[in-house]
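Enquirer: All chains, please: the whole structure from these sequences, using the hints.
Quick note, the sequences are listed as chains U and V, same order.
Numbered by the working numbering, the letters in the first sequence go through residues 62 to 435 in order.
Numbered by the working numbering, the letters in the second sequence go through residues 62 to 435 in order.
What the hints contain is simulated information worked out from the structure, not anything from laboratory work.
One or more of the hints may lead you astray.
In this list, chains with the same sequence are indistinguishable; a pair is considered to hold if it fits within one copy or across any two.
Said to hold, decoys possible - Dumping the calculated DSSO-like pairs for lysine-lysine here, alpha-carbon to alpha-carbon at most 30 angstroms:
id	residue 1	residue 2
1	80	390
2	390	285
3	136	323
4	268	367
5	149	268
6	136	347
7	85	289
8	397	68
9	309	126
10	367	149
11	347	397
12	418	189
13	126	144
14	144	323
15	347	68
16	320	149
17	100	224
18	228	126
19	289	187
20	136	100
21	144	85
One letter stands for each residue in the lines below.
Number of protein chains: 2
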Amino acid sequence: MNFQINKDTLLNNLIVAQKALSNKTPNPALQGIKLEVLKDHLVITTSNSDIAIKLTVKDASLAVKSEGSVLIPGKYFIEIIRKLDGLKVQLSMAADNMLRIEADRSDITLNMMDLDDYPELQFSEKVKSIKINVRVLKTIIRQTAFATSSIENRPILTGVNFKIDGKKLIAIATDSYRLSQKEIELNESYEALNIIIPGRSLEELIKVLENNNDQVELHFDHSKILFKYNNLLFQSRLLEGNYPETSKLIPTEFATVIKFNKENLSTAIERASLLSSRDGNNAIVKLALRQDNIVEITSNSPEIGKVLEEVYPVDEIVGHPFKIAFSSKYILDALKIFNSSEVSVNFTGEIRPFIIKGEYDENMLQLILPVRTE
Amino acid sequence: MNFQINKDTLLNNLIVAQKALSNKTPNPALQGIKLEVLKDHLVITTSNSDIAIKLTVKDASLAVKSEGSVLIPGKYFIEIIRKLDGLKVQLSMAADNMLRIEADRSDITLNMMDLDDYPELQFSEKVKSIKINVRVLKTIIRQTAFATSSIENRPILTGVNFKIDGKKLIAIATDSYRLSQKEIELNESYEALNIIIPGRSLEELIKVLENNNDQVELHFDHSKILFKYNNLLFQSRLLEGNYPETSKLIPTEFATVIKFNKENLSTAIERASLLSSRDGNNAIVKLALRQDNIVEITSNSPEIGKVLEEVYPVDEIVGHPFKIAFSSKYILDALKIFNSSEVSVNFTGEIRPFIIKGEYDENMLQLILPVRTE
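Expert: Here it is as C-alpha cells:
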C-alpha cells in the first residue's frame, strides 16, 4: 500500500469514521481503523458493538502508487493526521508491519494491527428500503432520540420506535416518564414496518449528516438498518422485542389548554428549578392556574428558599383553576426542541399526563407525566 | 435592608466576588456572600482560606430604601441573579430571616446565613506599597504562575517569588523541573522586598483584572498582600519560608544557541509527544542537532510507533552536534507564553538545563531541565 491524499480530505473522513470507533471494546481489533486503497478510491471502515461505518473516498487529490489494506490503531492515527502540517499526506507500508506517514517535514511510523483479526462486515442493501430527505430525518431524530431511556433496565426504551404505514412514518421515544412522538408524510407509500433503532446510534448518525436537500436511503432487515448517504454507509443494529403500545397513553380530550410564549415558560421553570425539592436528580416544580387566569410556577426547598414565578398566558384560557407538579428537566428538554415560539400545553387533570404542541411543529407532540406531591 | 440595582451591574460584581467563594471549606460561613448596603453604595465581600475580595459598588442605578447587612448562600444567589429576567432587581429582608429577590415577574426568597458566623476581615492598607500598571502585572503573572508546582510536598514552590530591589522587580516561579523568570523596571525606586505569593491566588487575580492602563497598588506586610484596583480590593495570604536561591541555576555561557520559529518548534514537539515514552504523565521527546545543521525532534514508543520531525533553524547555528531529551509538556508550556514569533534556545550541555529567550519578551527567560535517557 502506498498512496498520497489531501490531508484535510482524509481528516474530515476520519472524523466521521471515528463515530463508530470504540475505546473500550471486548474486541481490541475494533480499536482499529481499516483502510483499503484501490486504484481510484479509498475505503475507511470502523465498527463497534452498535454501529459500523464505511466511507468511500474518491478525491482528485488521491494518487495511488500501490493498492492494499491495513488496520491501524484508530485513536493514534486520527490524532497524528489532525496535527500534521502541510497540504498532503503520504501513507505507505514500511518494514516490520509499520505504516509510514509522511507530510511536510514529519516522518512518522505507526505499528499496525493484524488485519485478520478484524470482523467481516456486511454493508449489503436490504430487501426493504425507504427514502427520506436528510433534513427531515435529522428533525425526526432531534425531536425524539433525547426522550429515550439512558438506563438499561428496559433495553427496548433505549431505542426510538419507527413505524411505517403506507405514506405515514411515526417515530416514538419514551423513557416511561415522558414521551416524544413525531409523524411525517413520506413521498411514496411503503409496506408496513415496525423497528426499534438504538437512540445512541441515531445520536451518532445525526452528527455526520449534513444540512442539505440530499436523500438518505434506509435499508433494513430484521436485525440491522443501513443508512446510505452520499459516500457514507452507516449501519446500526436494531433492538429486538416489542415496543410498548403508546397510543392509548396519549390523551385526546383536555380540561384546560394554555398557550405560552415558550421562552417565558422555560426561563420561569429554569429559575424555579434552582430552588426546588428533588426526586433523585430531578427538580420538582409546580404549575398552578390561578382564578385570575395567570399561571404560577413555584418551587420550594425548605433548607434553601422558594421561588414564585408569574407567567402570563398568550391567549384567553379555556378551563378551571388547577395545580400540577412535574420534573422540570422533562419539560425543559421538551420545550427546547420546539421550533415554534408559542406552545400549547394541554392538561387533562392534576395527576394525568399532559401534552405540549406547537403550531410550527406539525405532527409533533411531547407528553409528560406529572409527579404526585404531598 | 431594602434596595434596588441594575441586574447586570450586580451580576458582574458577583462574578468577580465568586473568585474567592469556596464550595468546600471547613467554615460553612465562607460559602456565603456578605452584602452591606449603605446610603450610596453596596459592599460585596467573599473569602476563602487563600484570598478575600471586597468590592465597593457605586452605581447610578442603586436606590437604597433602607441600609443593612446580610450573609447569603453564594452559589444559589449568583445562579438566581444570573437567570433573572428584567433590567433591575430589588433585594429586601423578608420575615423569618429570608432575603427576598424581586425582578420582572419573579419573586424569590432565599434563606439567609448567620452574619455573626462570618469572620472579621481586615482589608487595611499596609505600610509598604508599590504601584504597577495593570497590563504589566498581568504579563508578569501570565509568564510565571504557570511554572509553579501544583503538588504540595514543597509548599514554597506553589508560590511566585516577587523580589524588589530599587526600581527592579523580579518574579520567579519553579517546580524544580522548569523555571520561569520575568524582570521589570518600576516607575519609582522602592525599599528591598522579598515575598512569595501563592500561584493560585495570582491565577484568580488575573481573571478579574482588565486590559487597560490603570495602576494596581500592591500593599504588603509579612503575611498578606492587598491588591487595590479601581473598586476592587483583592487580598491574598503570603507563603512563609525562604524561596530557594535560583540565580546560580541559570547558566550564562552556552555551547550552542539555536534560533527557531516558535510555531514550527512547538508543532513538531506536539506531534512527537503523541508517540513517546512516558515519565509518569510526561511525554519524553528528544532533540538532536545534526551535522548538516538541521534539528531533529524524535520520539519512540515501542508498542505504538515513532516520530521523526525535521525543524530548520532560522539562523546559522553556533555550536556542535549534540542530543538532549526533555519532557515535552515543559517546553510547550514555556513556548506558549512567548509573545515573540522567534525564540532562541540556549544549550550548555546534554544533561545541563537549557534556557529559552525571545527578542520581544524582554527580560523574560524560561529554563528547562533535561531528562537522562538510556
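Enquirer: Next, verify each hint and record whether it holds.
Expert: Cross-check of the supplied hints:
| no. | hint | result |
| --- | --- | --- |
| 1 | 80 with 390 | both (27 angstroms within a copy, 29 angstroms between copies) |
| 2 | 390 with 285 | neither (32 angstroms within a copy, 46 angstroms between copies) |
| 3 | 136 with 323 | between (42 angstroms within a copy, 27 angstroms between copies) |
| 4 | 268 with 367 | neither (40 angstroms within a copy, 32 angstroms between copies) |
| 5 | 149 with 268 | within (26 angstroms within a copy, 41 angstroms between copies) |
| 6 | 136 with 347 | between (47 angstroms within a copy, 23 angstroms between copies) |
| 7 | 85 with 289 | within (27 angstroms within a copy, 52 angstroms between copies) |
| 8 | 397 with 68 | between (38 angstroms within a copy, 26 angstroms between copies) |
| 9 | 309 with 126 | neither (63 angstroms within a copy, 58 angstroms between copies) |
| 10 | 367 with 149 | between (61 angstroms within a copy, 20 angstroms between copies) |
| 11 | 347 with 397 | within (19 angstroms within a copy, 51 angstroms between copies) |
| 12 | 418 with 189 | neither (33 angstroms within a copy, 67 angstroms between copies) |
| 13 | 126 with 144 | within (24 angstroms within a copy, 60 angstroms between copies) |
| 14 | 144 with 323 | between (43 angstroms within a copy, 16 angstroms between copies) |
| 15 | 347 with 68 | between (55 angstroms within a copy, 26 angstroms between copies) |
| 16 | 320 with 149 | between (57 angstroms within a copy, 27 angstroms between copies) |
| 17 | 100 with 224 | neither (42 angstroms within a copy, 68 angstroms between copies) |
| 18 | 228 with 126 | neither (49 angstroms within a copy, 67 angstroms between copies) |
| 19 | 289 with 187 | within (11 angstroms within a copy, 73 angstroms between copies) |
| 20 | 136 with 100 | within (27 angstroms within a copy, 62 angstroms between copies) |
| 21 | 144 with 85 | within (24 angstroms within a copy, 39 angstroms between copies) |
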